[in-house]
Amino acid sequence: MSEKVISIKGVSFQYPEQETFALREVSFDVYKGEWLAVVGHNGSGKSTLAKMLNGLHYPSQGTVSIGGYKLTEEHVWSIRGKLGMVFQNPDNQFVGTTVQDDVAFGLENNGVEHGVMQERVFASLEKVGMTAFLNQEPHHLSGGQKQRVAIAGVIALRPDIILLDEATSMLDPLGREEVMNTVRELNEKEGLTVISITHDLEEAAKADRVIVLNEGRLYIEGTPADIFQLDRELVQLGLGVPFAVQMSQLLADAGLKLSQRHFNEEELVNELWTLNFEK
Amino acid sequence: MMEKLIIGRYLPADSVVHGMDPRAKLLFIFIFVLIIFLANNPVTYTLLGAFTLFAVFLSKVKLRFLVNGLKPVLILILFTFLLHVFFTKEGDMIARIGFLTIYEGGVIKGVFISLRFFLLIFVTSLLTLTTPPISVTDGIESLFGPLRKIKVPVHELALMMSISLRFIPTLLDETDKIMKAQMARGADFSSGSIPDRVKAVIPLLIPLFVSAFKRAEELAVAMEARGYKGSEGRTKYRLLHWSLRDTMAMLLLGALSAALFMLRS
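In order, the protein sequences belong to chains A and B. Counted the way UniProt numbering counts, the first sequence spans residues 1 to 279. Counted the way UniProt numbering counts, the second sequence spans residues 1 to 265.
Any given hint could be a false lead.
[Stated by the list, open to error] Over the 10 Å line for every Cβ pair with chain A, so calculated as not near, a few chain B residues:
#1 Leu58
#2 Leu63
#3 Ile134
#4 Leu251
[Claimed, not checked] Straight-line C-alpha distance at most 25 Å; calculated DSS-like pairs for lysine-lysine:
#5 A:Lys82 <-> A:Lys257
#6 B:Lys149 <-> A:Lys82
#7 A:Lys127 <-> B:Lys236
#8 A:Lys51 <-> B:Lys229
#9 A:Lys82 <-> B:Lys180
Everything labelled a hint here was simulated from the structure, so no lab data went into it. Being a predicted model, the structure only gives us computed values, none of them experimental. Ideal Cβ positions, reconstructed from N, Cα and C, are used throughout, including at glycine.
Please put together the full structure from these sequences, using the hints given.
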């Protein structure tokens, strides 16, 4: 595979005043341009991992290196320039009073010159399709729109990696799709590396690679197809298997010959209604 | 809920006043509030009134909005007017109602004081009606900039102001939501004695505070993740432009002050 952008080796982490480890000897790499989903139920350590990747926590043991920098207090600001983060609650990460102010916030922090700043604000909003909302105030935007603005704020800083920490979990299905399409486009067109941390397997199904965390340990790593093979094991881990996957499993069990196990409903429906055409 | 608030109600429009530098507007109002106290006779008050109306005309703000701004203080104005009418004993006596006597000087003084109130409110509402709150914040940050030398955290204060402005609608929405949730469980906010009503507010305030603190914490993390390190090495997205019209406005104000000095008795 291509170049490594993140390398995590034997990382453990313990919150102060807590007996158990939130992360235990986790090791994996992230490659340039890929879309990696990290899944796990609540308390599996995935949020801790997200915070660590942004330098909000430092590993108790092991090393994390991002974009060639080792994660230490000395390099934390360089790392934050390489890895941008979108958080869960759309409202609690909107700093500016209007859309353009919010996108500019990160640029202001980094001392970007005014002319360059304006260009980048417009360019980033263009990429997420929010140019029409330049002067809009946050309370007039939907959740999905706010998250797209947050993404624009991240890409304005030109990071190599974008980290979505449950970024779609507070959105309605429409907003979720809106945000995922935006991220997909950035991943394909701009070659942005995407790490999406989620408990939604439907979202994970869209990734190139999936990592499952359980009780702070790396449980399994593989393509979405590999992961969904686990089926009942996933349920035991507290993860809901997407409806389309369950449905194709049941249909296959009932003797229907499907070409593959489908991850989304549209694919499944398409196969179902074209099933008898060739014969 | 937001619609009822007059404070910070900005009316977008394209006018000379809207286009002014917020610093110029703030300075202008500060000086204007001071020189209002120079006026002490009909000529000076007429001059001030005409000047204010001219500013209103330039701003293209409908008089209706300014009059709306007056409503909350109308009682105060009326009260001071009556106080002056009944208790100032100057000039000729014009009427006697029971034990109250009204003097000419009292009426004149009452009218003048009320006019002063009107002018103050008109001009200050003109600021909030023609300037977006964020620009007012920028203007204040810039005007107080020199105080940084004596270690006043000007940037931090301005950021606090702009974040508060940004969160007002969010928290209002939240209050509304909590209120409905509590009402759905039988809370009663609109009847009962005053102590009862005060007590009824507690189940509203506590969840609101808890959530505001949670928001603040998440916002702080998000700000840090986006590279916020305080004012050092920071650039600004919004730039302020002092243009010719701002200088003109200040000159005009200077001329007005001079005129008031000469015409006052």
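Here's how the hints hold up against the structure:
1. Distance to chain A confirms Leu58 (chain B) as a non-interface residue, since its nearest Cβ pair spans about 23 Å, more than 10 Å.
2. Every CB of chain A lies more than 10 Å from the CB of Leu63 (chain B), the least distance being 27 Å, so the non-interface label holds.
3. At the 10 Å boundary, the C-beta of Ile134 (chain B) falls inside the reach of chain A, the nearest C-beta of that chain being 5 Å off.
4. The beta carbon of Leu251 (chain B) is kept farther than 10 Å from every beta carbon of chain A, the shortest such distance being approximately 29 Å.
5. A threshold of 25 Å between alpha carbons decides the hint, and for Lys82 (chain A) with Lys257 (chain A) the separation of about 46 Å lies outside it, so the pair is violated.
6. Our distance criterion of 25 Å between C-alpha atoms is broken by Lys149 (chain B) and Lys82 (chain A), whose separation comes to about 34 Å.
7. Pair hint Lys127 (chain A) plus Lys236 (chain B) holds up; C-alpha atoms about 23 Å apart against a cutoff of 25 Å.
8. In summary, the hint linking Lys51 (chain A) to Lys229 (chain B) is supported, as the alpha carbons are separated by about 18 Å, within the 25 Å threshold.
9. Between Lys82 (chain A) and Lys180 (chain B) the alpha-carbon distance is near 44 Å, which puts this suggested pair outside the 25 Å criterion.
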